[in-house]
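> Starting from the known structure of chain A, fit chain B onto it as the hints suggest.
Line order of the protein sequences matches chains A and B. Going by this note's numbering, the letters in the first sequence line up with residues 1 to 196, in that order. Going by this note's numbering, the letters in the second sequence line up with residues 1001 to 1180, in that order.
For the record, the hints were derived by calculation from the structure and aren't laboratory data. Fair warning: this is a prediction, and the values are worked out from it, not measured in the lab. You can take every hint at face value.
Here are some chain A residues pointing at chain B (derived, C-beta under 8 Å):
1) ASP24
2) GLN27
3) PHE31
All residues carry an ideal CB built from backbone N, CA and C; glycine is no exception.
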Amino acid sequence: MNEETRCIKQAIQGDDHAFGILVDQYQKPVFSLCYRMLGNAKDAEDAAQESFIRAYRHLKKYDQTRSFATWLLSIASHYCIDRMRKRRLATVSMESIPAEVVADRNAPNPEKELRVNEQEALIQYLLDDLKPTDRAAVVLRYWYEYSEEEIAETLDLTVSAVKSRLYRSRRSLADAWLSAEKNTITERRHHESPAF
Amino acid sequence: MSHQPFEDWLFSGETLESQQEQSLQDHLNQCEQCQAISIALNQVDDVFLNSPSPEPALGFTQRWFERLTIAREHQQIKRTWTIILALFSAATMITIAITLLNLNTLNWAYQLSQFIASFSLFAGKINQLWRFMLSIYDVFPLILPIFIVLGMGLVSLTIVLFITWISTLIKIYKPVEEGV
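Isolated chain A (complex conformation):
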């Protein structure tokens, strides 16, 4: 019996400390998923914490023949999808990126910090147009390298539904990228035009 299985069995018996070990082990993938889904650290922290609480509460329902990580990410995905449906996320406009992202001058490498912030804003901009379930499928595909079968298992969808959602999402992502590129070119032309 490995460490994870032992912790799960102890946690089912009500051992908080054993589940704490699992929280420690899986905090990064769960938080990362919530962050990619919700777009900010505050909501991601809240969603990740709540996902672990729900997982602990329903641990008896966990089928131990399945992957624990997939089960946990399934709970987090569904929680984030519900949350996204309940509220409309504030969208990040491409035009506002340079003005909004300000590097912390006290950071060890402000240029790198600025670049990371810009990249994060760009990722959120691209993901914002996607429907919650499509977004979850994209996140699991790109950042967790899940197969279509694994995504289907995590999101309770059929494999053909996952394929169709990924197809639609990639189309939307390409459109968003091209539109952002077009806006940037227009912006540059506007700045280069002579002042009257």
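Showing chain B alone in chain A's frame:
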């Protein structure tokens, strides 16, 4: 120019056979629209796959334990309220059920006639009493002040008894101070 099946191949993101790959490359060399889509998708892939993985702030597990404690307290309160509401609902349901059972066995017409008859009798008695008082007043007008005095005395006595009852209750339920 037809963009199919090349567009489908691009958006599906599936691995293509070598012949399909060659066919797609030939199309991309000719079609600017599909070329733009292909470049955009490659750049999206590049941005997504090269982004750093976001991590939670330090002390995540500790914060989770604190949240677990709060969640348990909330669950306990919720459970208590659920029990109270369940008991209240059960009592209400039983009361309604008993009332409905009694109502089913009630003869409405008979009960209404009984009520009207009793009310008429009561109204008749009041009327008689009123006439008797008027006749006393007509015969003995001097007796009226005595009635007023007696009435006031009765009201005063009732007030005194009520105050005494209240003060007794206060003395009984007042907590005893320690050391006394």
